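J.: The residues making up each chain are set out below.
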Amino acid sequence: MQKQVRAWLEDGKVDVFLAYKMDCGHPLPHAFTRERIDETEDLVTGPARYSLEKFATQIAARHPEKKIGLLARDCTQRALNVLAVWNQLPAEQVEPLPVNCCPSALKPHADCTYLEAPATGEVKIQCGQDPRQSIEAVDAQEGPERFARWMYEFQKCIKCYGCRNICPVCFCKDCSLEHPDLIGTGNLPPDIPIFHLVRAVHMAGRCIDCGLCEDACPAEIPLRLLYGKVNAIVKDLFDYDTGASDALSPFSILGDKPTLTPAPLLAVSQE
Amino acid sequence: MTLKFVPSICSYCGTGCGVLFQVMDGQLVGTLPMKTHPVNQGKLCIKGWNLHEHITSELRLKHPLLNTFGRMTKVGWDDAIGFAADRLKTIVAEHGPDSVGVLVSAKITNEENYLAQKFARAAVGTNNVDHCARL
Ligand code: SF4
Ligand code: SF4
Ligand code: SF4
Ligand code: SF4
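Going down the list, the sequences are from chains B and X. Numbering-wise, this note's numbering puts 160 at position 160 of the first sequence, and it's gapless, one number per residue. Position in the second sequence counted from 1, then plus 271, gives you this note's numbering.
Since the hints were derived computationally from the structure, they do not count as laboratory data. The structure presented is a predicted model; accordingly, all values stated were derived computationally and were not measured. Ideal Cβ positions, reconstructed from N, Cα and C, are used throughout, including at glycine. One or more hints might be untrue.
[Unchecked claim] In silico lysine-lysine, BS3-like type, Cα no more than 30 Å apart, as pairs:
1. B:Lys173 - B:Lys156
2. B:Lys229 - B:Lys173
3. B:Lys3 - X:Lys275
4. X:Lys378 - B:Lys159
5. X:Lys318 - B:Lys173
6. B:Lys156 - X:Lys318
7. X:Lys378 - B:Lys156
8. X:Lys378 - X:Lys333
9. X:Lys378 - X:Lys275
10. X:Lys275 - B:Lys67
11. B:Lys156 - B:Lys229
12. B:Lys159 - X:Lys275
13. B:Lys159 - X:Lys318
14. B:Lys66 - X:Lys275
15. X:Lys333 - X:Lys360
16. X:Lys389 - X:Lys378
17. B:Lys21 - X:Lys318
18. B:Lys173 - X:Lys275
[Stated by the list, open to error] Simulated restraints, written as ranges between beta carbons of each label pair:
19. X:Ile379 - B:Asp239: 49 to 59 Å
20. B:Pro90 - X:Leu330: 30 to 40 Å
21. B:Arg62 - X:Gln388: 40 to 50 Å
22. X:Ile379 - B:Glu41: 31 to 41 Å
23. X:Thr380 - B:Glu35: 27 to 37 Å
Here chain B stands alone, though its shape is the one from the complex (with noise of 0.2 Å):
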């Protein structure tokens, strides 16, 4: 690993490369460059994962002359994908360098641990969401349940929008969150259940299950789960795999070719 990234720095390949660096005791990221090459050797894959990809972003409105190379797991692979569609990183400038990802029966080694949902407890499992439900489970659950479930959770919130500011396709310049006409400002909670909705329904075609916001959530609120309902929603309808191609996403808006069409078994069924 660090060879290959000092070849691709030498050789020009990239101009600054995003891993992780240990720096007093804690894995951090950092970026490599060609002027300090020997850093290379200290260069660590993990196991913290940092939203990598939305420095690149922050790094290419800057330079968009500079190529970014990255350490990438699977959901940064994915976050790369949702990016590019959404004219934010263009792909010719990242060169991505794959690395082990969550821990699995098949693959012991692993660079991160996100897709181990932390253990529960008691109270929560009774009036909360447990994060290690399916979307199943909780759509088994009947509809005033689920609610006061979901309200539950949601009421925890302190608004310190670190699920927004962590995420790697949170790149609006004005955030709805933020915005007063649409969120009462202010106080705390904050308006619920419309401050988490309104992040849920931007996450439709983008969110990628990275889990970072979920991490970063001091109120334990199990977002990766809600948002992957939604997804889940825009796959049966749309048949839209969100960040498993470079497909357009349905919601896009921009260009001259309709996106929003229904899935065509879907629209078979409707007929």
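Dock chain X with the ligands against the given chain B, drawing on the hints supplied.
T.: Below, chain X with the ligands without anything else, positioned relative to chain B:
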């Protein structure tokens, strides 16, 4: 193009969350939670997330200002400290040391807080010390 991540501690409250300052091209552009920090474990409150804003704020005070007849005038540090010391001395002489109170803060370091209470007790001679964490 330069991009640096500088580890630090949030200065807003006594919790002391680990943060990373994101510095791009020599400019402070963002604050991130430190994922592996034992205190906050990758989470921050809204104040921590926006730490960089008070550093880059246009409204930030960069010089001591002296309030003379209702007008704020820019003065040097020596003048400002000298003036404050003179006024404090006069007040203590006229009204006694307990007419002075010292408010310390979570936004300064432990050592600075220690110095401030030392100043109150040893230099001014009062136990009137309070802290914003004792809400
Ligand atoms: S899991 Fe969360 S952080 Fe990741 S893309 Fe989806 S909404 Fe954004
Ligand atoms: S929450 Fe919505 S408006 Fe805000 S940055 Fe994310 S996608 Fe954009
Ligand atoms: S990260 Fe959690 S607590 Fe913070 S704004 Fe998002 S949902 Fe609310
Ligand atoms: S991020 Fe918030 S809770 Fe953490 S130290 Fe700063 S002010 Fe305190």
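J.: For a C-alpha distance cap of 30 Å, please report whether B:Lys21 and X:Lys318 respect it.
T.: Distance of about 27 Å is within 30 Å: holds.
J.: Using the C-beta atoms of B:Pro90 and X:Leu330, is the stated range 30 to 40 Å upheld?
T.: holds (37 Å)
J.: Given the hint of 40 to 50 Å, is the C-beta distance from B:Arg62 to X:Gln388 inside that range or not?
T.: Holds - the Cβ-Cβ distance for B:Arg62 and X:Gln388, about 46 Å, lies within 40 to 50 Å.
J.: Run the distance test for X:Lys333 versus X:Lys360: straight-line Cα separation, threshold 30 Å.
T.: holds (26 Å)
J.: Is the Cα-Cα distance between X:Lys318 and B:Lys173 30 Å or less?
T.: holds (20 Å)
J.: If you draw a straight line from the CA of B:Lys156 to the CA of X:Lys318, is it 30 Å or shorter?
T.: Given pair B:Lys156, X:Lys318 holds - Cα atoms ~17 Å apart, limit 30 Å.
J.: Within 49 to 59 Å: is that where the Cβ-Cβ distance between X:Ile379 and B:Asp239 falls?
T.: Because 57 Å falls inside the window, the suggested range holds.
J.: Under the criterion that the straight-line Cα-Cα distance not exceed 30 Å, is the pair X:Lys378, B:Lys159 satisfied?
T.: Judged against 30 Å, a Cα distance of about 22 Å means the pair holds.
J.: Between the alpha carbons of B:Lys229 and B:Lys173, is the straight-line distance 30 Å or under?
T.: The given pair, whose Cα atoms are some 26 Å apart, holds under the 30 Å limit.
J.: Given the hint that B:Lys159 pairs with X:Lys318, test it: the Cα-Cα distance must not exceed 30 Å.
T.: holds (11 Å)
J.: Need the status of pair X:Lys275, B:Lys67: alpha-carbon distance at most 30 Å?
T.: holds (17 Å)
J.: Within 31 to 41 Å or not, the Cβ separation of X:Ile379 and B:Glu41?
T.: Cβ of X:Ile379 to Cβ of B:Glu41: about 39 Å, so the range 31 to 41 Å holds.
When each numbered hint is compared with the structure, no violation occurs for any of them.
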